[in-house]
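*Asks:* Keeping their order, the protein sequence lines are chains W and R. Going by numbering that gives the first Met the number 0, 2 is the number at position 3 of the first sequence; the sequence numbering is gapless. Going by numbering that gives the first Met the number 0, 168 is the number at position 169 of the second sequence; the sequence numbering is gapless.
Derived from the structure by calculation, the hints contain no laboratory data. Each hint should be verified, as a subset may be incorrect.
Stated by the list, open to error - Straight-line Cα separation of at most 25 Å, PhoX-like style, residue types lysine-lysine; simulated pairs: (1) R/K41 - W/K158; (2) R/K41 - W/K80; (3) R/K7 - W/K101; (4) W/K72 - R/K226; (5) R/K7 - W/K72; (6) W/K34 - R/K130; (7) W/K197 - R/K41; (8) R/K130 - W/K197; (9) W/K34 - R/K70.
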Amino acid sequence: MTGIEKLFRRDVRGTTADTPRRTFIRHALSGYFAKRYSLQDAYADWQAARTTASAIKFDAVNRLDTHLETFAKRAEARGTKVFFASTGAQARDYVLALCREKGVRSVVKAKTMTGEEIHLNEALEKEGYGVVESDLGEYIVQLRKEHPYHFVFPCMHLKRGEIRETFEKALGAANVPSDEPEALTMVARRVLRQEFLKADLGISGGNFLVAETGQVSITENEGNARLTCALPRIHVALVGIEKVVPRFEDLALFLPMLGTAGAGQALTGYNTLYGGPRQPGETDGPEEFHVILLDNHRTRLLADPEQRDALHCIRCGACLNVCPIFKNIGGHAYGTTYQGPIGSVITPHLRGLQDWKHLSGASSLCGACTETCPVKINLHHHLLQNRRNAVRERGVWWERLLFQGFGLYASHAALWRLGSRLAVPGLKIHARFSGAWFDPARLWTKTRTLPRPPERTFRQLWAERQKQKFPRS
Amino acid sequence: MSYPLSDKAAVLARIREALRLPAHPPSHDNHAPATPPALPGKEEIGRWLPAVGAGYEEQVALFARQAAALKADFVRLPSLDAVPPRLAELARAEGWPADGIAAHPGEHSAELVEKAGFRPFLAVPGYDRAKLEACAVSVTACEALVAQTGSILVTARESGGRALTILPPHHIVVATAAQLVPDLPAAFAQLRRTYGDTFPSLISFITGPSRTGDIERILVLGAHGPKKLTILFVG
Numbered sequence: 000m001t002g003i004e005k006l007f008r009r010d011v012r013g014t015t016a017d018t019p020r021r022t023f024i025r026h027a028l029s030g031y032f033a034k035r036y037s038l039q040d041a042y043a044d045w046q047a048a049r050t051t052a053s054a055i056k057f058d059a060v061n062r063l064d065t066h067l068e069t070f071a072k073r074a075e076a077r078g079t080k081v082f083f084a085s086t087g088a089q090a091r092d093y094v095l096a097l098c099r100e101k102g103v104r105s106v107v108k109a110k111t112m113t114g115e116e117i118h119l120n121e122a123l124e125k126e127g128y129g130v131v132e133s134d135l136g137e138y139i140v141q142l143r144k145e146h147p148y149h150f151v152f153p154c155m156h157l158k159r160g161e162i163r164e165t166f167e168k169a170l171g172a173a174n175v176p177s178d179e180p181e182a183l184t185m186v187a188r189r190v191l192r193q194e195f196l197k198a199d200l201g202i203s204g205g206n207f208l209v210a211e212t213g214q215v216s217i218t219e220n221e222g223n224a225r226l227t228c229a230l231p232r233i234h235v236a237l238v239g240i241e242k243v244v245p246r247f248e249d250l251a252l253f254l255p256m257l258g259t260a261g262a263g264q265a266l267t268g269y270n271t272l273y274g275g276p277r278q279p280g281e282t283d284g285p286e287e288f289h290v291i292l293l294d295n296h297r298t299r300l301l302a303d304p305e306q307r308d309a310l311h312c313i314r315c316g317a318c319l320n321v322c323p324i325f326k327n328i329g330g331h332a333y334g335t336t337y338q339g340p341i342g343s344v345i346t347p348h349l350r351g352l353q354d355w356k357h358l359s360g361a362s363s364l365c366g367a368c369t370e371t372c373p374v375k376i377n378l379h380h381h382l383l384q385n386r387r388n389a390v391r392e393r394g395v396w397w398e399r400l401l402f403q404g405f406g407l408y409a410s411h412a413a414l415w416r417l418g419s420r421l422a423v424p425g426l427k428i429h430a431r432f433s434g435a436w437f438d439p440a441r442l443w444t445k446t447r448t449l450p451r452p453p454e455r456t457f458r459q460l461w462a463e464r465q466k467q468k469f470p471r472s
Numbered sequence: 000m001s002y003p004l005s006d007k008a009a010v011l012a013r014i015r016e017a018l019r020l021p022a023h024p025p026s027h028d029n030h031a032p033a034t035p036p037a038l039p040g041k042e043e044i045g046r047w048l049p050a051v052g053a054g055y056e057e058q059v060a061l062f063a064r065q066a067a068a069l070k071a072d073f074v075r076l077p078s079l080d081a082v083p084p085r086l087a088e089l090a091r092a093e094g095w096p097a098d099g100i101a102a103h104p105g106e107h108s109a110e111l112v113e114k115a116g117f118r119p120f121l122a123v124p125g126y127d128r129a130k131l132e133a134c135a136v137s138v139t140a141c142e143a144l145v146a147q148t149g150s151i152l153v154t155a156r157e158s159g160g161r162a163l164t165i166l167p168p169h170h171i172v173v174a175t176a177a178q179l180v181p182d183l184p185a186a187f188a189q190l191r192r193t194y195g196d197t198f199p200s201l202i203s204f205i206t207g208p209s210r211t212g213d214i215e216r217i218l219v220l221g222a223h224g225p226k227k228l229t230i231l232f233v234g
């Protein structure tokens, strides 16, 4: 067991025992479910919309090289600077160089998970640049020095009292009048408005890259990304290479599907396409627009023809919301940038299979994620494939021995008969110490009660029934 | 210190290497074909979205319903001449300071504010950002209204740049009957017709006032952008 897995097990023991927090998470998600399903039902055909979205992403991902070249050409034609980064370090260095060259003093950020992925804030802070997250949830977790709990709802685990305390500590108690969500939001609005006005550099992510037009599409609700891309004199969008869609019109499908699946909204508050810095004749906007296209091991996932469709992901977060594991262990226990089923599928590709395979084991394989995914990623099968690949790459000797033994046992009728006969008294003996410290099956039995041991084997039962049905006359 | 060089060649080479093996076609769905899917035609995209009635009145009613659900104010006016009196009325009711009304040059923006008896703060190149930030309201034109989702489509070209539609706490949009489109595909088609492939640097679908649910998933309006959104619909 790796250190990462040990940490995971330790964290999960804590979070699953925290019943009030689990109840709170379920309650917080209840509104999402009610809205999402009624919106989904309003589609002329939601399943067909999924199939269409999946087919568009199939084209996008399987012709990624062509689409990215087109994107870069079109974006550059409008004055956008496009930078391809193989690694997180290259992307960080580019942003840092930009800060130095352009005399940047303060940075405001709209929500970007790619930024979390490459630890951009830490890099900027280390070089002495002030970075402020402007998405309300991200701002709260930044003040608490935490990581986002859910990549769409970063602070969904926090109660208003905790947020009030966080604000009081950071901004002074006099500035925080109450713990009403409305009042707390207005506190953040006032503070962050000043940050927007003084920032030289705005950093955002991107939800879609439109190949044929060179535009970056950003989906949000608060308007913080709109401000991030309007006020500072430089705008940098940090986007994963897989976020491509081929055509402008494709967004007419993806924007509403993202809103519906991700937030239970027909369309989120602001869906904005940025196609360059301020153009001649326009009133305002940044002087410079940089798009960083980030690989950071996405091409490893691309190289797996079986799991390539995981790159279709539009990061709506629906698979987290429906996942019984996510709801019970919570977002922080994963220890990843991307939580939930999609995170468990892709993290082994991005950060190493042996270190992160345990996440694929932490699943009931119920398939709720696959069913809810708006772009039909085969999520729960990918979890199985990760398990298989991990064993194939580095098998466990005793597991192999165990399965070989079982194979032998199950393919010989005599052995099977003997084994099941011995199991009847065996289970009775086991029942006396089931769950005790010396029980070899303790991992399973310490939290479960086994059914009463049977009196007869199935074969015996069958033979008796047959005898009753067809008595020899 | 100079910029690091873009790693374009290396990224594209890795992508091409990775794509040498064809992807498994989607198969977990019993109805899905076992062949790789073709890129769906553009006309297919709108077919699965929520249906929108064909009639004009039906579409106006749908937009009004969506706007109400989004907590935006939808006001239907008989003619453009009815807009200035309505603005003056709103100004009285909300107590806008006379120098706190932002607009951009144009028939559906600054001209209406002037007719209402105010001198607007104009968002023109080089405007004073602090002054715009201090404004109580902005009055702008739009590209289109989308009945399907209750959205307002604005662009940097048509609606006074990037900041005017997001910075002041109340955004008033003036739209005419001809600007109402049934659904999102129609809005994208209209953008294509208007701009070809030389789009304004900002195109934004605004769906309701700025909002957040980050605290306990409870809806709060005016997270960063306008707390109030009013649509003055002429038609």
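*Asks:* Output the indices of the hints that this structure fails to meet, ascending.
*Replies:* 1, 2, 4, 6 and 7
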